[in-house]
Amino acid sequence: MSRQTANFVVLGVAGLSLALLWLTPGALAGFLGLVGVALTAYLRPAMAVRAGSLALLALGFTLALSQVPRVSILFYGLVAVLVALITIPGIPRWIKGLLGVAVLLISVPIAGFNNTFFLELGIQIGIYAAMALGLNVVVGMAGLLDLGYAAFFAIGAYTWAIFGSPQAANFLSGQFPLNGNFFYLFMAFAIITTAITGVLIGLPALRLRGDYLAIVTLGLGEVVRVLANNLDHPVNFTNGPQGITPVSRPDIGWFHSLMSGIGIELDARTDYQFFFYLLVLVVIGVVVLVNINLGNSRFGRAWIAIREDETAAKAMGIPMLGTKLLAFATGAAFSGAMGVIFAAQRTFVSPESFTLLASITILGMVVLGGMGSIPGVILGAAALTAINTDILKSFSEYLNNLRQAGVLNLPSQVEPAKYERLVFGVILVLMMIFRPQGLIPERRHQLEIEEAKEAQR
Amino acid sequence: MLEGLLALLPQVIFDGLLLGFVYAMIALGYTMVYGVLELINFAHSEIFMIGAVVGVEVFRYLAPVIPNGIVVLLLALILGAIISGVTAMIVERLAYRPLRARGTTNRLVPLITAIGVSFVLQDLVRLVEGIWHNEFKLQMRLIPPLDGNFTFLTVFIQYKALILILVSLLMLVGLNYLVSRTKLGTAIRAVAQDMSTARLMGINPDVIISRTFLIGGALGGVAGVLFAVQYSTIDPYVGFLPGLKAFTAAVLGGIGNITGAMVGGLVLGQMETLAGTYLPTLTGGNFGTEYKDVIAFLILILLLLFRPQGLLGQVVKEKV
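These protein sequences, in sequence, are chains A and B.
In terms of the working numbering, the first sequence opens at residue 1 and continues consecutively.
In terms of the working numbering, the second sequence opens at residue 1001 and continues consecutively.
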């Protein structure tokens, strides 16, 4: 298709979607909008047209969400616009930045104020994205296979949960729960403790080769889970399987006055959600910056060297243990900080959240998105979190409704909600077969895979 | 108190031995696949679980018809081996072979695939059992003489336990023979050494890998049936923990080494049972049986520190 036709088609579809989304908002208009995003990404129109069309679509989804806050396909439209912004090369940086900020700070909050679920989803995606970025340092950059990553998440979460709730009074004298504002201090504290834990685990484990490291970290994950489950006796540290609740949240009076200063009145249902949403965005910004800077630093190059060929890297004089330990500790620290946020946001912490499945899901985000690639990992986190917390659940609800309406004839024992993991497993397998380099591959990985294909021929 | 603990000791050691043989049998399957593909085949836990489920089903339907427990068990073992073996082969064909065909060099990719397969198998079995019997927990129904027992020097021994030990020893010997003496075994070792050279020698690696999965899966199935007979209660998620322990055992013994897998399993089973029995008593009930897993992993880490290649593994010189 010539560029002119492409320009015409893309702008036409975007304009039509905007009109439909505005006038008759709903799943159908949302679907057309998604088609618009896809066309913008794949038809190769002029850059200005691409940027304009994405802006129109973002506006359309936002308008639609403010009218019908229950339709989640509209929310995924916004996510798709974000993804398109990140992935399409050539759009000027300032447009990307402006549009991205507009979607994150205006569209998503508008959707969230009408339906808090979207804010919750945004927070979940953010927490997992930050953790996946941390694991990306370990697995994606340094090539160290860590199957117990959720353990650090758990350590961070429990650090704050124990002191931010009456739990600590069981073994310490003093006033507990601590004031909610200690939350920030504990975030720093968790970064330090998890980094140290990472070093302690890494010190013996990192002398070992790949798969041995995997099994040791897997063991660590199990150990932390067992401890969280059983350290309710002889001294009650973790309250066992019941978990700890309520966990204090930081005081956000200042946030209220700040928001009413710019004309947003928050109600009690959304204030903390919005606060945590913004906090997570800030943290992700920091994590991305750290990721980029580390990646370009001496250490980043050393990690990539180790990942590509350990023996060669050693021969070039890269200190193995120190370099690997740094990667391990950095990843652990990110995870620990997110744990603290997780505990405060949920006000509830229990061993359930830190199983092997959690570690594997985070690993899945890294691999699915594209190892070593920052936008890829964020996209992977968004995709898997959305699939796990929303799409699969909605799908099984839909099946259940069909069954109740008598359209679908399922045996009574088959509960669709119980088979979400089956779908998740199928997605993982298909993804690995058809796109092992990930959704947005890092350049180096892409090259490697093409080389392998050449070699096959 | 000490006397009471010592009196328990022979029984504890025997129980540990049994658990160790279960781990060892599963570890054999891990070891075979790892030896050839250097892949931690997480789905092997589920192959084992399928064997266990087949075991329960065979007893459910045949025990009322055939009065002899040994005969039913033999049928269950054969059927379990076939179904698990074929499942493993299908998994390899559908999930792992496409990755090899695409020349994926990244080690993480097959690992994620294995985990995905493992989820799929768990929930598929759950689905089938749900539709078939509307049950989640499956109960083994034993018939004589399997449920018989005797006491030998204060140790309470069940016949089924003796069968478990016998079968796992046979499996070890048979596998060792297969790998070191037969043509298929030579081919497996050749593929494990160097896939492209093996191809030049007229070996089709795909066929050999497929057979490796068949054999490894069949061993996992046999282990599953015996596990069901020994420990009675089964559900679709029963494979996870034994699978994890078995993999630990394989690493402990030196992964890729068949005898090592057996030794690792026995050591791990022994440690776990000892810790599980004595920890609560020794710590005055402060630390319960749950900590046996923690101890198993701690010992693994310590061992790897001093002997990274495992108990019986050999140091592999890296090719530069």
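Just so you know, these hints were derived from the structure itself, not from any lab.
Here the structure is a predicted model, which is why all the values come from computation and not from measurement.
Check the hints yourself; a few may be wrong.
Dumping the calculated SDA-like pairs for lysine to any residue here, alpha-carbon to alpha-carbon at most 25 angstroms [claimed, not checked]:
#1 B:K1292 <-> B:R1102
#2 B:K1292 <-> B:L1311
#3 A:K314 <-> B:D1235
#4 B:K1292 <-> A:K314
#5 A:K393 <-> B:D1235
#6 B:K1292 <-> A:K393
Below, a sample of chain B positions facing chain A; criterion: calculated Cβ distance under 8 angstroms [stated by the list, open to error]:
#7 V1109
#8 F1152
#9 G1202
#10 N1204
#11 P1205
#12 D1206
#13 S1210
#14 F1247
#15 T1248
#16 V1294
#17 L1300
#18 L1305
#19 P1308
Built from N, CA and C at the ideal position, the CB exists for glycine as well.
*asked:* Holds or violated: K314 of chain A and D1235 of chain B, Cα atoms, limit 25 angstroms.
replied: Given that 25 angstroms is the threshold and the Cα spacing comes to 47 angstroms, the pair is violated.
_Quick check on the hint: P1205 of chain B CB to chain A CB, less than 8 angstroms?_
violated (13 angstroms)
_Straight-line alpha-carbon gap K393 of chain A to D1235 of chain B, limit 25 angstroms_ = Satisfied, since the Cα-Cα distance of roughly 24 angstroms is no more than 25 angstroms.
*Is the Cα-Cα distance between K1292 of chain B and K314 of chain A 25 angstroms or less?*
violated (38 angstroms)
*Identify whether the interface hint at V1294 of chain B stands, where standing means a beta carbon of chain A within less than 8 angstroms of its own.*
At about 5 angstroms, which falls below the 8 angstroms cut-off, the nearest Cβ of chain A leaves the hint on V1294 of chain B intact, so it holds.
*For the hint on L1305 of chain B, does the least C-beta distance to chain A fall short of 8 angstroms?*
Result: holds, 5 angstroms to nearest chain A Cβ.
*Hold the hint about F1247 of chain B up to the distance rule: shortest CB distance to chain A must be less than 8 angstroms.*
With a closest approach of 6 angstroms, the F1247 of chain B hint holds.
*Report holds or violated for the interface hint on N1204 of chain B, using the least CB-CB distance to chain A and a cut-off of 8 angstroms.*
At 16 angstroms from the nearest chain A Cβ, N1204 of chain B fails the 8 angstroms test, so the hint is violated.
*Assess, step by step, whether the Cα of K1292 of chain B is no farther than 25 angstroms from the Cα of K393 of chain A, and give holds or violated.*
Not satisfied, since the Cα-Cα distance of roughly 36 angstroms exceeds 25 angstroms.
*Against chain A, is D1206 of chain B within 8 angstroms by beta-carbon distance?*
Violated - the Cβ of D1206 of chain B stays beyond 8 angstroms from chain A, reaching only about 14 angstroms at its closest.
_Minimum beta-carbon distance criterion (8 angstroms), S1210 of chain B to chain A_ = violated (17 angstroms)
_Checking hints one by one. Is F1152 of chain B an interface residue toward chain A, by the C-beta closer than 8 angstroms rule?_
violated (34 angstroms)
Checked against the numbered hints given earlier, this structure breaks hints 1, 3, 4, 6, 8, 9, 10, 11, 12, 13; the rest are met.
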